[in-house]
Amino acid sequence: MNAYACLYFPTGLESEKLKALGEACLRFSSQVALREGEAVFLELGRSRLLHQEKTLAARLEGMGRRYGQSRLGFGRHAAEALALARRSAASYEALPLEALHDYASPFLNDFEVESQVNAMIAALHHLGLKRLSDFITLPPKSIGERFGADLALLRERMEGEFAMAWPRFEVQSILEETEELRSLETMDACGNLETLLFQLKRVLDRLCARLRGRGLRATRLHLHLMLDLGRGRTKDRLVDLSLALPQASARELLSIFRQRLDAEFQSLPLGLPVAGLRMQMIESAPGPGAQADFFDTREKEVEAWNSLVTRLSQKLGPDQVFLAELVQRYLPERAWKRMLKEAPTSSPANESALPERPSRLLRQPMPLLREGESLLALGRKRSWHAKSWEGPERLSGEWWEEGFARDYYRVSTDEGRDLWVYAREGEAQGSLWLQGYFD
Amino acid sequence: MKTAYSLIKSFENQPGLETAFAPSKSRSSLKFSLYPEGIPLGALTQILGAGSTEAILRLFSEYPEEKMAWVEERFTAYPPGFVQGGANLNGLLFVESGEHFAWALTQILRSQLFKVVVAASALRGDGVELRLKRLQLAAEHSQSALILAAECEGPLWPLRLRLQARQEEGRLILTQREDSIQIKEAIS
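Protein chains in written order, with this note's numbering: chain A, 1161 to 1599; chain B, 22 to 209.
The following block holds chain B by itself, in its conformation from the complex (with noise of 0.2 Å):
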């Protein structure tokens, strides 16, 4: 069965449909010292490596006014670490899911009132192309920037963004990954 990666590729040819499937091209994004380029807002963007944790602590740092979402299966933040890492607790939700994981990152995503949501656990198990789709829609919807920051089964197509933190000599730093689909690959 085609994925919808490989329905936009068999596109090329026909200008204009390929639009129909592709997530939004819209060009607003949060400004991050350690991604210049900027985080995507309205799309799902994936933080991996080590350091993923921290740096999604320094986008919050730069971003003390607007309030955040973090969303675990199981709980494994640890707040004092946090504030040290520049997060305000004051403006950050945590939310424990467990089964109910994609559904808590919807419903977070629909109220639109954070301006980041990390989903800090892995979306496993059947239907997850599904599931990434809805939050991808939610995302552009309520156009908030929405973080995994762990590894996802599934297709890579509803990811924007995919990043990869790295320690060097003291430095966090963060580059786009290799296998990273680009929209503009996708549909050019």
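Chain A with its partners taken away, still in its complex shape (with noise of 0.2 Å):
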């Protein structure tokens, strides 16, 4: 059974990028390890997810297309999978001799290694083996006495029966992802904000990507665009974003980012090109498990309920997109409170044990003047019939603020909808407040 996966780069990848790579791989196994400038090793075994070798493979090679061009193997230790995935080979038996080298020193270049090995090899050719495959098929024991205990320990570990220990994975201490727009071939910046938003979609998959592998979701964010000064100096203009919400997705993030840019953007335009982008997370909130559920669709859901509040948020002002709660105040129009909850359960919040109350509220109580049956309002060219009155609902106390007494009614009006007034005590007879309505 292959329990390891190697995600090889032919052509070498930087070491910080590497380093991401592993990170965002700790989403699929806690077992990671880096082969300097060349590979990441997976441990399936160590996986707690449920994951088919096609599917795995799949999402691995999406994953390193993100950082360059790349080759998947899986073996049945790290040293096969590398291997494997240095020479396409699907299985060892077609590699060449020169494989050795990988199951020598699957986790590093070492040079000692490398020519004692290399010797092994040219010994091995001049008995006419040329693959894994001949080498095998020599009798066990007697390699040792005659290639020595080195290259008996390699067929050992071939068989997979002496295992190597795993260097130790340590995720880098700052969350980082950087991207250069400069073209290539031109040296021009990027311009426009859709080629912004092109490339930093790319940015917020490998940030996504790596923040999935730690488990955790972005809760403030620093992007920074390197603003093109010609000469190879450039100017930086910082985005600190800060999500109502935690968000994992970098799908929801674009769109968040996408808002945000446009609106800055307009009243602050970019003025100069971007010749590269650099985002920093700045503060996160433990996330969901690694993987989605696939029979649930509720991560999916949180996540674009968070999106969405952001969203409203960003453009509308923090305290403007809210659920509100029940509280305890004697003051009708403290007896709730705006709150924001990340994932809204569909349970039922508390009943409310109060006597009737309106369905709206005036922002203000409207002041009133009662003459016979008829209500003006004061400064409004604005008056009702009443028809009948219910009431009065004595409601008095919160004396360690301003305290107040008010007696409510609900006033029955020829209009069809019933107001709710209130007045104080200890003012004139006839002077009433409008708090709200039952509509």
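No lab work stands behind these hints: they were computed from the structure. These numbers come from a predicted model, not from an experiment. The C-beta atom is built at its ideal place from N, Cα and C for all residues, glycine as well. One or more of the hints may lead you astray.
Said to hold, decoys possible - Chain A regions said to be covered by chain B (calculated; three or more residues, Cβ under 8 Å):
| id | segment |
| --- | --- |
| 1 | 1463-1471 |
| 2 | 1481-1487 |
| 3 | 1491-1498 |
| 4 | 1521-1528 |
| 5 | 1574-1583 |
Claimed, not checked - Label pairs and their calculated CB-CB ranges:
| id | chain 1 | residue 1 | chain 2 | residue 2 | range |
| --- | --- | --- | --- | --- | --- |
| 6 | B | P176 | A | E1531 | 37 to 47 Å |
| 7 | A | P1429 | B | L151 | 19 to 29 Å |
| 8 | B | L151 | A | D1567 | 40 to 50 Å |
| 9 | A | G1228 | B | R145 | 53 to 63 Å |
| 10 | B | L151 | A | Q1524 | 29 to 39 Å |
| 11 | B | H162 | A | S1343 | 34 to 44 Å |
From these two lone chains plus the hints, build me the complex, please.
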């Protein structure tokens, strides 16, 4: 059974990028190792997730493409996975003897070991052996006697009987992704929002893959736009994005950035082309499991909810998008508060045990003058004819703040809508306040 | 200049063409005890009159598991009253949109998270027809019921249904408004 995977970059990969890829791979397995500048290894046996080799291959290849041209190999152990990935071979039997280098030192380039293995390969070539399949047919007992203990050890390693310790993999302390936007041919920088967003999507894909690997979601991001001043000089323009609710989806983050950049560039145009992007995660929150639940759409729903609330909050203001929660207060206008929940449940909220309350409340109570059965709104050309009065309901208290005492009435009017009015204690007869209406 | 509605009417004798401009004829609707024909999904419905908020809260109460959204330019909804009306505050997103009323509605519809979206302020000003058309398309795409709970300036043709709420002997009644434009009429 193939319990190890190796993502190999034939043209090499920068150390920082390789570490970032390793971090992203943590979503598939807790055991990840790197071969400096060349490959990432995963121990699939350590994965607590269910993956078919085919689907995992597709996902790993997709992830590898974000960093460069890569080849994927699966093997019974890390060395075999590397050897197969390096030569795009399906099984170790087809590999040339030179693959012994990978078996000897899969995790690092060791020149001393390399020269020793070269000597072993030369000796095997003298015997007319060309492939690992030829080498594996040699009687195991005779290998140590004829070629030495090291080659016997390599043979055992090929059989998976002599496992190697994996080097420790540490995630980077700062989660940061960069992208060069200058065209390689013309050295032209990026000058419009659509192109910028296209490149930003790549950055966000990588960033979110790493967030997933760490089991985190972003709550605050810094996007540095490196504005091109010419002659290789750049000027930094910072976009500080605080998210109302945490987010780990590249697609949703892109739509949030699209809206934000669109608004920013309208008020303060770019002016200069963008030579590069740098995205830093400043604050984060714990995220969901590394693997999306196939049978549950809730995770996607939460992402969509968080994205919507964030986009609305960005444009409308932080307290303008909310869920309401009832609170125990005597003052009617303070009997609820605005709050934001990440994943609202459909379970019913607490029921209100209060006497009947209106469905609409005025922002500020409106002074009314009562003349017989007529109610006149002071300062506005509005009047109602009261048909019946229900009440009063005495509400008072909150002496620890300003204190209040009001007698509330529900007034049926000829208009059809009932009004919710109150009289303040100590005010003149006929002086009323309209606070809401039953619509 | 011809409005889109008069354009539809002018296509009466050209079978096929009229449907290119008509709102979707999708039959799916939300069952509603106050209006047995149901509230159309993926379309705009206007509910006006004394008791319109109560009617909407009754609709909310009949779908406690669904997410709903309430969008207003300036907030007047009173959540304690909403709870008494049957709304589940845990699934009801409130948005105080200010001047970005139509934009907020479009974003909410596009998210496809909500079964019912209530536009509790009036759509006013220039370009109401275009905004209504956009909202109609967004509602159709998301298969949400968009309820306009206020008068709106502009043509009526994007509204699939117009309902009038009124209290009769202490009972809330919803009836279709006589000035309601029915798609059947528009395209037959």
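For each hint, the structure was consulted:
1. Counting residues of the segment 1463-1471 of chain A whose CB falls under 8 Å from any CB of chain B gives 6; the rule of at least 3 is met.
2. Counting residues of the segment 1481-1487 of chain A whose CB falls under 8 Å from any CB of chain B gives 6; the rule of at least 3 is met.
3. Under the rule that three or more residues need a Cβ within less than 8 Å of chain B, the assignment of the segment 1491-1498 of chain A holds, with 4 such residues.
4. Here the segment 1521-1528 of chain A counts 3 residues with a CB under 8 Å from a CB of chain B, which clears the bar of 3, and the coverage holds.
5. A stretch counts as covered by a chain when three or more of its residues have a beta carbon under 8 Å from one of that chain; for the segment 1574-1583 of chain A and chain B the count is 3, and the coverage holds.
6. Separated by about 42 Å at the C-beta atoms, B/P176 and A/E1531 satisfy the suggested range of 37 to 47 Å.
7. For A/P1429 and B/L151, the Cβ-Cβ distance of about 27 Å falls inside the hinted range of 19 to 29 Å, so the restraint holds.
8. A hinted range of 40 to 50 Å for the beta carbons of B/L151 and A/D1567 is consistent with their spacing of about 49 Å.
9. Evaluation of the 53 to 63 Å hint for A/G1228 and B/R145 yields a pass: the beta carbon distance comes to about 54 Å.
10. At about 34 Å, the CB distance of B/L151 to A/Q1524 agrees with the hint of 29 to 39 Å.
11. A hinted range of 34 to 44 Å holds for the C-beta pair B/H162 and A/S1343, which are about 37 Å apart.
In this structure, every one of the numbered hints holds.
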